[in-house]
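Chemist: Let the hints inform the model, and build the full structure from the sequences given.
Read off the chains here:
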Amino acid sequence: MSKDLSKIEESKRQMRRRLAALPFAEKLRIVEELRERSLILAANPLRRRQKPRAAGKE
Amino acid sequence: MKLKQTLAIINQMQAAGIIGRYAIGGAVGATFYLEPAATVDVDVFVDIHAPPGQLIATPKPIYDYLTARGCKAEGEYLVIEGWPVQFLPPTGPLVEEAIAGARETDVEGERTYVFSAEHLVAIALQTGRAKDKARILQFAKAGVLDQQRLKAILKRHRLVDRWERFERQFLDGES
Numbered sequence: 001m002s003k004d005l006s007k008i009e010e011s012k013r014q015m016r017r018r019l020a021a022l023p024f025a026e027k028l029r030i031v032e033e034l035r036e037r038s039l040i041l042a043a044n045p046l047r048r049r050q051k052p053r054a055a056g057k058e
Numbered sequence: 001m002k003l004k005q006t007l008a009i010i011n012q013m014q015a016a017g018i019i020g021r022y023a024i025g026g027a028v029g030a031t032f033y034l035e036p037a038a039t040v041d042v043d044v045f046v047d048i049h050a051p052p053g054q055l056i057a058t059p060k061p062i063y064d065y066l067t068a069r070g071c072k073a074e075g076e077y078l079v080i081e082g083w084p085v086q087f088l089p090p091t092g093p094l095v096e097e098a099i100a101g102a103r104e105t106d107v108e109g110e111r112t113y114v115f116s117a118e119h120l121v122a123i124a125l126q127t128g129r130a131k132d133k134a135r136i137l138q139f140a141k142a143g144v145l146d147q148q149r150l151k152a153i154l155k156r157h158r159l160v161d162r163w164e165r166f167e168r169q170f171l172d173g174e175s
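Taken in order, these protein sequences are the chains called A and B. Quick note on the numbering used here: the first sequence kicks off at 1 and runs consecutively. Quick note on the numbering used here: the second sequence kicks off at 1 and runs consecutively.
Source of the hints: derived by calculation from the structure; they are not laboratory data. Fair warning: there could be bad hints in the mix.
As the list claims (entries may be wrong) - DSS-like, lysine-lysine: derived pairs with alpha carbons at most 27 Å apart:
#1 B/Lys131 x B/Lys4
#2 A/Lys7 x B/Lys4
#3 B/Lys131 x A/Lys12
#4 B/Lys141 x A/Lys3
#5 A/Lys7 x B/Lys141
#6 A/Lys12 x B/Lys141
#7 B/Lys141 x B/Lys131
Modeler: Here it is, written out as structure tokens:
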């Protein structure tokens with residue numbers, strides 16, 4: 001792994017550790033926010049599944 | 001917080017004798033030990049007993065109790081204070097043990113129970129889907145597991161071979 005990638009990986013590890021160390025209630029508040037975001041994204045009409053294009057019509 | 005209210009209603013249901021012991025598993029349970037992860041539902045494992053005079057335990061009392069209080073049923077979920085909750089009976093001795101040994105905690109003063117980290121890992125190993133394996137890796141890397149306790153659980157529930165395969169596949173060479 002290159003030096004830069006190792007640095008990124010280490011910084012992610014630290015972030016995870018910081019988040020994991022939060023009180024349970026605080027983490028649940030984050031879970032709720034993440035869920036709100038997921039629901040907004042899921043409701044976006046742009047995410048609706050498109051019908052597959054017929055062959056040769058691209 | 002909505003989840004606190006969800007837990008309050010589950011506790012009321014327990015106090016009313018509708019359910020016995022319960023414990024949170026799944027992503028919300030894992031969040032007790034790890035960094036928060038996105039999830040759309042709450043998995044609540046409940047000790048459901050057959051009513052007096054009957055042989056088969058049924059989740060009907062849970063359904064009746066909650067729908068009488070305005071909760072809606074959506075597929076396999078009951079929506080409590082905006083959160084879809086799936087009530088899961090123990091699927092075997094491992095989950096029964098996990099419920100019995102769940103950790104008591106609280107969320108802003110609301111008492112609740114969460115599976116131990118080691119039981120969450122053992123259950124994920126037993127379930128064996130890709131997302132379960134990913135969660136086991138998170139636990140292993142977070143260093144939150146009591147290895148002795150985990151090994152005892154794996155041995156009791158005949159999961160040692162599966163664990164060794166998992167270790168060879170995903171954990172060899174990890175520091």
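Chemist: Hint by hint, say whether it matches the structure.
Modeler: Taking the hints in turn, this is what the structure says about them:
Between B/Lys131 and B/Lys4 the CA atoms are separated by roughly 26 Å; this keeps the pair inside 27 Å, and the hint holds. Distance check on the hinted pair: A/Lys7 and B/Lys4 sit about 38 Å apart at the alpha-carbon level, beyond 27 Å; violated. This hinted pair checks out: B/Lys131 and A/Lys12 have alpha carbons roughly 20 Å apart, not beyond 27 Å. Straight-line distance between C-alpha atoms of B/Lys141 and A/Lys3 comes to about 21 Å, which keeps the hinted pair within the 27 Å bound.
With a CA separation close to 17 Å, the supplied pair A/Lys7 and B/Lys141 stays within the 27 Å bound. In summary, the hint linking A/Lys12 to B/Lys141 is supported, as the alpha carbons are separated by about 12 Å, within the 27 Å threshold. Between B/Lys141 and B/Lys131 the alpha-carbon distance is near 15 Å, which keeps this suggested pair within the 27 Å criterion.
The earlier numbered hint that this structure contradicts is number 2, and it is the only one.
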